[in-house]
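Below, each chain spelled out in residue letters.
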Amino acid sequence: NAGVTQTPKFQVLKTGQSMTLQCAQDMNHEYMSWYRQDPGMGLRLIHYSVGAGITDQGEVPNGYNVSRSTTEDFPLRLLSAAPSQTSVYFCASSPGQWSVAQHFGDGTRLSIL
Amino acid sequence: TQLLEQSPQFLSIQEGENLTVYCNSSSVFSSLQWYRQEPGEGPVLLVTVVTGGEVKKLKRLTFQFGDARKDSSLHITAAQPGDTGLYLCAGGTGSNYKLTFGKGTLLTVNP
Chain D
1 NAGVTQTPKF QVLKTGQSMT LQCAQDMNHE YMSWYRQDPG MGLRLIHYSV
51 GAGITDQGEV PNGYNVSRST TEDFPLRLLS AAPSQTSVYF CASSPGQWSV
101 AQHFGDGTRL SIL
Chain A
1 TQLLEQSPQF LSIQEGENLT VYCNSSSVFS SLQWYRQEPG EGPVLLVTVV
51 TGGEVKKLKR LTFQFGDARK DSSLHITAAQ PGDTGLYLCA GGTGSNYKLT
101 FGKGTLLTVN P
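These protein sequences, in sequence, are chains D and A.
Using this note's numbering, you'd call the opening residue of the first sequence number 1 and step up by one each time.
Using this note's numbering, you'd call the opening residue of the second sequence number 1 and step up by one each time.
Hints listed in this document are in silico derivations from the structure and should not be mistaken for laboratory results.
Every clue listed holds true.
Sample of chain D residues facing chain A (criterion: CB under 7 Å; computed from the structure): (1) GLY42; (2) LEU43; (3) GLY105.
Chain D residues, not near chain A, derived (Cβ > 10 Å throughout): (4) PRO8; (5) VAL12; (6) LEU13; (7) SER18; (8) ALA24; (9) ASN28; (10) GLY53; (11) TYR64; (12) SER67; (13) THR70; (14) THR71; (15) PRO75; (16) ALA82; (17) SER84; (18) GLN85.
These figures come from a predicted structure and were not determined experimentally.
Glycine included, C-beta positions come from ideal geometry on N, C-alpha and C.
When you get a sec, could you build the whole thing from the sequences and use the hints?
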């Protein structure tokens, strides 16, 4: 079972560059979400989706875009990278309606120079 | 904004000792989850509690949900080095699927 797969695992960007963090799940989960994890801050929700075609903002959405064209994929786009976006990004999925327990990927470690 | 406060933030103990980690909030949650995260990996779900006063056991780990569903605790008996990791609590509400995470307790169990 692959579960939740995130790519790339590591990335270094220059300020102002854009990129897309990929997330795919093979469990047919309705709900997918993106978190960032920073030292001393815990996990903070960036964007989430309750199904294909439906997305909404979380706690820290500024500077990020998402779309959900299929059940399996939920990419996160950084529009113009800033040093404050240096973080570890986690994608998670859950069955949704009857369980909010999250299945996490192994993360993307992103550095913005 | 719902907040979850975890304590202690750091805990370093010797193998064989017992420990308790706390997760407290002023808000009511419909469910409370505990995760463990190891370096370089994503959090892994340990347990979900949904009923006030509920107690769940997972081998040497005991989880309790407060009667008012505002707090939870994780107790580890006879800790082992393999228990080392970051323990996170997360609260869910019934109206949506967004989770609120605590900042975590970093546990180190020394052999």
